[in-house]
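Required output: the full structure, derived from the provided sequences and hints.
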Amino acid sequence: MNNNNNTNNNNNNNNNNNKDLGRYFLDLARLNSQSSSSSNNNNNNNMEVIDEGEEIAPTELNTINSSGGFLVISPDKLSVKYTSINLHGHDVGVVQANRPAPTNCLLYYFEMFVLNAGAKAQLSIGFTTHNFKMRRQPGWEVNSCGYHGDDGFFYRGGAKGEPFGPTFTTSDTVGAGINYASQQFFFTKNGHLVGTVPKDLKPLLYPTIAVHSLNEEVQINFGQKKFLFDLKEYEAQERIKQQSMVENFSLPPNVSHGLVRSYLLHYGYEETLNSFDLASRSTVPPIYIAQENGFDEQDMSYALNQRKTLRQLIRKGDIDATFRQLRDWYPQIVQDDKSTTCSTQDNESTTCFLLHCQQFIELVRVGALKEAVDYGRRELAKYFGSPHYNDLVQDCVALLAYEQPKESSVGYLLQDSQREIVADTVNAMILSTNPNVKGLRDCLHSYLESLLRQLTACSLERRSLNGDQGEAFNLTRVLSSGKNK
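Each residue of the sequence shown is one higher than the one before, counting from 1 in my numbering.
Treat the hints with care, since some could be wrong.
To be verified - Mimicking PhoX-like on lysine-lysine, the simulated pairs with C-alpha atoms at most 20 Å apart in a straight line are:
(1) K133 x K202
(2) K120 x K81
(3) K316 x K225
(4) K77 x K226
(5) K120 x K160
(6) K133 x K160
(7) K225 x K77
(8) K406 x K370
Stated by the list, open to error - The following label-pair restraints were derived from C-beta to C-beta distances:
(9) P252 x E449: 19 to 25 Å
(10) T456 x P331: 33 to 39 Å
(11) S282 x E449: 22 to 28 Å
(12) G385 x K406: 55 to 61 Å
(13) S79 x E233: 24 to 30 Å
(14) K77 x Q404: 44 to 50 Å
(15) K202 x S79: 29 to 35 Å
In case anyone wonders, no lab produced these hints; they're calculated from the structure.
Quick reminder that beta carbons are idealized off the backbone N, C-alpha and C, glycines included.
Spelled out as structure tokens, the structure:
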């Protein structure tokens with residue numbers, strides 16, 4: 001009785017895994033569609049395109065939220081002059097930018113050129129929050145900071161400053177920036193870095209300047225013209241610093257080689273694997289992968305040659321041969337192929353669906369449109385109206401409507417990435433037939449990919465702890481920066 005229960009439980013688990021496996025690759029196909037549509041929209045739009053999550057940077061001074069009684073702002077909203085006689089500490093002429101500093105970036109920076117230091121050079125530059133008291137110097141109140149020209153002090157949240165840098169006066173250019181990677185404010189004078197201080201302010205911050213004695217006049221540069229400070233070089237140095245931290249982390253060669261081997265084994269790249277192993281044995285000393293590193297060689301090598309063959313066939317667009325080999329080697333994967341209806345979403349029906357779609361796509365690719373129509377009526381008709389497949393099959397059929405389908409909104413189907421999705425689906429389905437497979441994750445991802453997913457999760461969590469501020473993590477960019485160095 002217990003054995004029967006265990007068998008039933010295993011079958012139920014396998015069925016759930018099959019459904020999840022099929023759902024995963026259908027979602028991957030849809031994601032490929034969405035990514036292509038977004039790319040096409042960006043390429044075809046002559047207007048300025050703002051990527052998702054990108055913020056609009058400040059462009060001018062805010063003439064509404066300022067201490068207007070003590071200063072005059074120029075018509076272009078980029079120059080400020082103090083026109084009063086200051087009698088006490090609340091007579092400051094303060095003005096913020098029209099927008100907060102963007103946070104989805106590595107660095108933010110702006111500059112202030114001193115046209116006239118006035119009577120006392122009581123100028124300052126820094127950052128404040130939206131509800132800052134607009135008659136006080138940046139840094140004199142909580143949730144604000146500022147570098148002051150009359151004493152060279154840095155102030156943050158109080159009337160008492162700390163020695164920081166040189167004073168500044170007429171004809172000087174000073175800048176203020178935020179380094180989100182290191183969580184620091186940085187300040188410059190005449191194109192040179194003055195210093196950095198920890199960024200302990202989490203709210204949105206507005207670039208802010210202040211004037212506080214008669215005839216003080218400054219001009220602000222939000223990037224509408226070239227900065228005196230070489231911001232691109234500063235950013236490049238910051239990226240080099242981050243890359244060096246990664247490269248200084250020591251990883252035993254056998255572990256890194258094991259991760260690469262797990263990737264090649266998982267996806268059936270047998271010939272590349274053989275070349276990789278040969279190169280590893282040729283190093284001095286040779287690199288051997290120990291079993292205690294957690295790599296199960298036997299399971300990862302499951303059906304390696306067959307998976308390699310099927311991937312090569314799909315990459316060449318030979319879907320007929322792929323079906324023949326699957327029926328010969330793994331008939332259970334394509335057992336649903338002869339069904340005349342399709343009302344369920346499991347691994348067999350999903351595999352057949354993606355393969356039939358790919359065969360239709362390959363016929364369109366070579367211009368065999370009549371054959372594609374006949375094939376669609378014969379093999380894709382049963383998927384029409386299915387809530388699981390209808391959107392994707394409609395995209396396939398839509399290829400027939402365009403004289404140049406590669407340039408259309410469904411042109412993504414003719415890209416190599418679509419073949420890779422189908423090849424990965426077949427590869428995962430074969431791995432799922434291994435009786436020793438422990439779960440769905442073992443079929444979907446190699447150890448290397450699991451590690452990269454963990455890296456992504458940790459990077460996102462770190463950014464969350466910084467108030468969701470800083471450059472959004474992009475794995476492709478990180479890997480490219482290491483490759484191009």
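Status of the hints after comparison with the structure:
{"no.": "1", "hint": "K133 x K202", "verdict": "holds (18 Å)"}
{"no.": "2", "hint": "K120 x K81", "verdict": "holds (14 Å)"}
{"no.": "3", "hint": "K316 x K225", "verdict": "violated (51 Å)"}
{"no.": "4", "hint": "K77 x K226", "verdict": "holds (18 Å)"}
{"no.": "5", "hint": "K120 x K160", "verdict": "holds (19 Å)"}
{"no.": "6", "hint": "K133 x K160", "verdict": "holds (17 Å)"}
{"no.": "7", "hint": "K225 x K77", "verdict": "holds (15 Å)"}
{"no.": "8", "hint": "K406 x K370", "verdict": "holds (18 Å)"}
{"no.": "9", "hint": "P252 x E449: 19 to 25 Å", "verdict": "holds (20 Å)"}
{"no.": "10", "hint": "T456 x P331: 33 to 39 Å", "verdict": "holds (38 Å)"}
{"no.": "11", "hint": "S282 x E449: 22 to 28 Å", "verdict": "holds (27 Å)"}
{"no.": "12", "hint": "G385 x K406: 55 to 61 Å", "verdict": "violated (28 Å)"}
{"no.": "13", "hint": "S79 x E233: 24 to 30 Å", "verdict": "holds (28 Å)"}
{"no.": "14", "hint": "K77 x Q404: 44 to 50 Å", "verdict": "holds (47 Å)"}
{"no.": "15", "hint": "K202 x S79: 29 to 35 Å", "verdict": "holds (31 Å)"}
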